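Build out the structure end to end from the sequences listed, making use of the hints.
For reference, the chains in residue letters:
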Amino acid sequence: MNLTLRVWRQAQSDVAGALVEYQAIDVNPDMSFLEMLDVVNERLISAGDVPIAFDHDCREGICGSCGMMINGVAHGPMKGTATCQLHMRSFRDGDIVVIEPWRARAFPVIKDLVVNRSALDRIIQAGGFISTPTGGAPDGNTMPIARQASDSAMDAAACIGCGACVAACPNASASLFTGAKISHLGLLPQGQPERYRRALKMVAQMDLESFGGCSLFGECQEACPKEISIDVIARMNRDFLVAAVAASEERSGGDEG
Amino acid sequence: MLRDEFWQNLVVPGTGAELNQSLEAAGRVADFLELGELMCRDALHREESCGGHFRTEHQTPDGEALRNDAEFTYVAAWEYAGEGQPPILNKEPLVFENVRLAQRSYK
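In order, the protein sequences belong to chains A and B. Reminder that position 127 of the first sequence reads as 127 in the working numbering, one-by-one numbering, no gaps. Start counting at 1 in the second sequence, then tack on 1000, and there's your number in the working numbering.
No wet-lab data here; the hints were simulated from the structure. Remember, predicted model here, so these are calculated numbers, not experimental data. Check each hint, because a few of them may be wrong.
Stated by the list, open to error - Quick list of the computed label-pair ranges, beta carbon to beta carbon:
| # | chain 1 | residue 1 | chain 2 | residue 2 | range |
| --- | --- | --- | --- | --- | --- |
| 1 | A | Gly-94 | B | Ala-1017 | 36 to 44 angstroms |
| 2 | B | Asn-1068 | A | Pro-193 | 56 to 64 angstroms |
| 3 | B | Ala-1017 | A | Val-245 | 49 to 57 angstroms |
| 4 | B | Ala-1017 | A | Leu-44 | 33 to 41 angstroms |
| 5 | B | Glu-1079 | A | Glu-227 | 49 to 57 angstroms |
| 6 | B | Met-1039 | A | Ala-18 | 43 to 51 angstroms |
Even glycine gets a Cβ: it sits at the ideal position worked out from N, Cα and C.
Structure below.
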């Protein structure tokens, strides 16, 4: 199959970019989307051009490196998959495919389709670490965790930090990401001592970065390659509210509990 | 020879002024050339078969690895001696105090 690509080319963050048209010729439908880009790049290199820069690492949907807007949809037309898990059989011969980087003020373009997602790392950092003394690994059966809580924690922990939620959101909000990180620790007994402190700090850092606010469009959960539900945003808001009220009562010296 | 060819006749698109994934890849290949050569040198130097290192000229009549403990009971680190110079072998003998060096049988 043959496709026409319109790819965002931008040499550096401080120079203007533009969509450039390329032909992807003899594309095998069994190729992944990234393999198709590899082939296009090989041709560009042979012709003496600069290949298209894009982030990638594991190519099996677990690292969160690859991510791009494909025809305006984060990670492309397949639901619940990262770009690397998208195959060319999802497209038809003769299709025009527009490929852009994540568009968000908090994610400046480094080059072409590569954006700087360090803001997400800083949110994680702000959450701090769990201060539980370790020692020998505890017997899993000595710590009862309700089935529902462990399932929900695992669902939240599936977040790979790709940033699709931010890119899909009309406000470029990082609420689904931050909510997932707050939820996966906050739902488990091991995460309880720092639960509210963590929510306050991570939300504060999220607000410091150039992300927008959440207005519950729900685009994030549609774009999420791990299909994380916006329930995690509700949990984040609840933990943040409880923490904020407790902090303000502490400040006013109220002893009514 | 191969490495000279690599350093003199290589196409790396783009420049060093911006993110350049081709340059990253070229740097990795340069490392692999060096490491690959060193691994070959080490394998040629070690005149025995031991573990994953198997040389057909050092095997028992039934095809098992034949060690040479008299000469090769040591851990080693190769030291870079500069461009074009052969690396220097640093040895530290392996001394067994509580167990006796033996041969394991997988049969």
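Do the hints match the structure? See the list:
A C-beta distance of roughly 38 angstroms is found between A/Gly-94 and B/Ala-1017, which places it inside the suggested range of 36 to 44 angstroms. In this structure, B/Asn-1068 and A/Pro-193 meet the distance hint of 56 to 64 angstroms, their C-beta atoms being roughly 58 angstroms apart. A hinted range of 49 to 57 angstroms holds for the C-beta pair B/Ala-1017 and A/Val-245, which are about 51 angstroms apart. Here the CB-CB span from B/Ala-1017 to A/Leu-44 is close to 19 angstroms, at odds with the stated 33 to 41 angstroms.
Between B/Glu-1079 and A/Glu-227 the C-beta distance comes to about 53 angstroms, which sits within the given range of 49 to 57 angstroms. Distance hint check for B/Met-1039 and A/Ala-18: the Cβ-Cβ separation is about 46 angstroms, which falls inside the suggested range of 43 to 51 angstroms.
Comparing the model with each numbered hint stated earlier shows that hint 4 is the single one that does not hold.
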